[in-house]
Amino acid sequence: MKQPAAIVWFRQDLRLDDNPALEAAVKSGKPVVPVFIWDPDSEGDWSPGAASRSWLHFALKKLDKSLRAVGSRLVLHEGPTLECLEKLIDDTSADSVFWNRRYEPAVIARDTKIKTELSKRGLHVESFNAMLLFEPWTVKTKTATPYKVFTPFYRACLSQPEPDDPISAPQKLKSPGKWPTSAKLESLKLLPRIHWDTGIREAWRLDEPEESSLIDRFVQQGLAGYPEARDRPDVDGTSRVSPYLHSGELSPRRLWHAVRAATRRPKTGPPPKAAEGYLRELIWREFAYHLLFHFPKTVSEPLNAGFAKFAWRKDAGGLKAWQKGQTGYPIVDAGMRQLWTTGWMHNRVRMIVGSFLVKDLLLPWPEGAKWFWDTLVDADLANNTLGWQWVAGCGADAAPFFRIFNPIRQGEKFDPEGNYVREWVPELSKLPDRWIQKPWEAPESILKDAGIDLGRTYPQRLVDHDEARARALEEFKKSRETAE
DNA sequence: TTTTGAGTTGTTCGA
DNA sequence: GTCGAACAACTCAAA
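Positions in the first sequence are counted from 1; adding 8 to them yields the numbering used here.
For the record, the hints were derived by calculation from the structure and aren't laboratory data. In this text, all values refer to a predicted model and were calculated from it rather than measured experimentally. A hint or two may mislead.
[Stated by the list, open to error] Here are the simulated lysine-lysine pairs, DSS-like style, with alpha carbons at most 27 Å apart:
#	residue 1	residue 2
1	K186	K35
2	K421	K332
3	K192	K73
4	K10	K150
5	K156	K317
6	K197	K95
7	K322	K305
8	K322	K332
9	K182	K123
10	K485	K305
11	K35	K121
12	K305	K378
13	K10	K35
14	K182	K156
15	K150	K192
16	K35	K73
17	K305	K317
18	K69	K197
19	K38	K180
20	K95	K182
21	K38	K73
22	K281	K378
23	K73	K150
24	K121	K305
25	K456	K332
26	K156	K486
27	K305	K150
28	K197	K35
29	K35	K95
30	K150	K69
31	K438	K456
32	K69	K95
33	K38	K10
34	K182	K69
35	K123	K38
36	K378	K156
37	K378	K322
Please model the complete structure; the sequences and the hints are all you need to start from.
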């Protein structure tokens, strides 16, 4: 008689390293059937965006490759998840299904239903945590409510037991006697038909597993200077692991422990303070998941109800100019073009462009969230929602609305020589440092020498920041009056 | 229950 | 040039 198999349903845990669902399947002693199911419709309004799909394509390719290295392979299916799983269960005589949890509202609903259905059929179904250091329900205030302020959440996390040590990747997987049919990766059509994603392919090494060398390099070289360098878009001062964390190619526990070790090695490694600062950022990711889980409506609605009726503007042209990096503010345009080209934007610049959309243009933050969702290779519902609500001032522990980023000052402070602007806005590259963040103030002769014709070779400012700031504060004041 | 201290990332203004 | 205050109260979390 055919031996029943154990299905490992891969989702956002596209790795063999530190994968508890995979480990459980291996431990069962049964043949292991690794599966990925492409079913974007089941994720509601938040099926992966275009950049994420590109990333996913290569992540799946790498996963298949690493599975083949241990004597297995990745089975791909497309269609309604439950139907696909049921077919796979029949084809492989599987009696158990293992997966790692996700926390997006639509996905939780889908997965709960699947678990119920499969359990009803008598299967052993078990889910695990591979995505988070502290799952949302394990961190609670003294009165058992979810946290809404970061710092107490952070302290609560640190007082929790340390996240588990990562599990090693299995050396060998037991294959089923006969593999079930699999779709071809290309047939999932995750890559765009028009190749707008060449910039993404150039900016990232998509054909090789990069995640562990990224960690090593960052801990060895990047961590010590992280507190200062992390704010500088003109410097390679961040770990750049966000897309790997999102796809699950990188285990957060692996990352945590690699950096945590540095906090205990003051003599040889980077200063403990720098490592702590980085861990704090990882806890921000946990906080984002905490909020998404406990306040699922925040994906589209402000957490702070006082913002529900804020009179955002409608301005299709302004939105388009922002998306395309044609606002006339060099640091904003540099960021938006870096995003469009590489699928990634430096964190500091995300705040600047976010503030510009929401406060200078007074456009609704969900518009920004949607654009980021489609264009970021690290697009992550929890992080994206938190980030946009934070910058708009309507989220948990958010920047107050009156705290408005000045795109010129931010540029001068964090891109002092304008190198970041010059890289992404080449039409300004010949402009001297003094005017690189504010070309409209440059004398006509300087502009001419730099080959710039404002309004033709580079756009005029969409708005005057000082006026826009005053307008935003005024609108904020009004919305508070009408709210009462 | 009430009180109290505190809260990611800024900017501007006036002394 | 530097510094502190104002910007706006509000809500959270813990004592």
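So, going through the hints one by one against the coordinates:
1. K186 to K35: Answer holds: K186 to K35 is near 20 Å, not above 27 Å.
2. K421 to K332: At roughly 24 Å apart (the allowed maximum being 27 Å), K332 and K421 satisfy the hint.
3. K192 to K73: Holds. K192 to K73 sits at ~14 Å (cutoff 27 Å).
4. K10 to K150: It is violated: about 52 Å lies between the C-alpha atoms, which goes past 27 Å.
5. K156 to K317: Holds, at about 22 Å.
6. K197 to K95: Within the cut-off at roughly 22 Å; holds.
7. K322 to K305: holds (23 Å)
8. K322 to K332: holds (17 Å)
9. K182 to K123: Answer holds: K182 to K123 is near 24 Å, not above 27 Å.
10. K485 to K305: Given pair K485, K305 holds - Cα atoms ~25 Å apart, limit 27 Å.
11. K35 to K121: Given that 27 Å is the threshold and the Cα spacing comes to 26 Å, the pair holds.
12. K305 to K378: Given that 27 Å is the threshold and the Cα spacing comes to 15 Å, the pair holds.
13. K10 to K35: holds (19 Å)
14. K182 to K156: Roughly 45 Å separates the two Cα atoms, so the pair is violated.
15. K150 to K192: Since the Cα atoms of K150 and K192 sit roughly 51 Å apart, the hinted pair is violated (cutoff 27 Å).
16. K35 to K73: holds (22 Å)
17. K305 to K317: holds (16 Å)
18. K69 to K197: Roughly 13 Å between the alpha carbons, so the hint for K69 and K197 holds.
19. K38 to K180: The given pair, whose Cα atoms are some 12 Å apart, holds under the 27 Å limit.
20. K95 to K182: holds (20 Å)
21. K38 to K73: holds (21 Å)
22. K281 to K378: Violated - the C-alpha atoms of K378 and K281 are around 35 Å apart, more than 27 Å.
23. K73 to K150: violated (47 Å)
24. K121 to K305: Holds. K121 to K305 sits at ~20 Å (cutoff 27 Å).
25. K456 to K332: holds (25 Å)
26. K156 to K486: holds (26 Å)
27. K305 to K150: Holds, at about 24 Å.
28. K197 to K35: Violated - the C-alpha atoms of K35 and K197 are around 34 Å apart, more than 27 Å.
29. K35 to K95: Holds, at about 24 Å.
30. K150 to K69: violated (45 Å)
31. K438 to K456: holds (10 Å)
32. K69 to K95: Judged against 27 Å, a Cα distance of about 23 Å means the pair holds.
33. K38 to K10: holds (11 Å)
34. K182 to K69: holds (20 Å)
35. K123 to K38: holds (20 Å)
36. K378 to K156: This hinted pair holds, its Cα atoms lying about 24 Å apart.
37. K378 to K322: Measuring from Cα to Cα gives roughly 15 Å; hence the hint holds.
Hints 4, 14, 15, 22, 23, 28, 30 from the list above are not met by this structure, while the remaining hints are.
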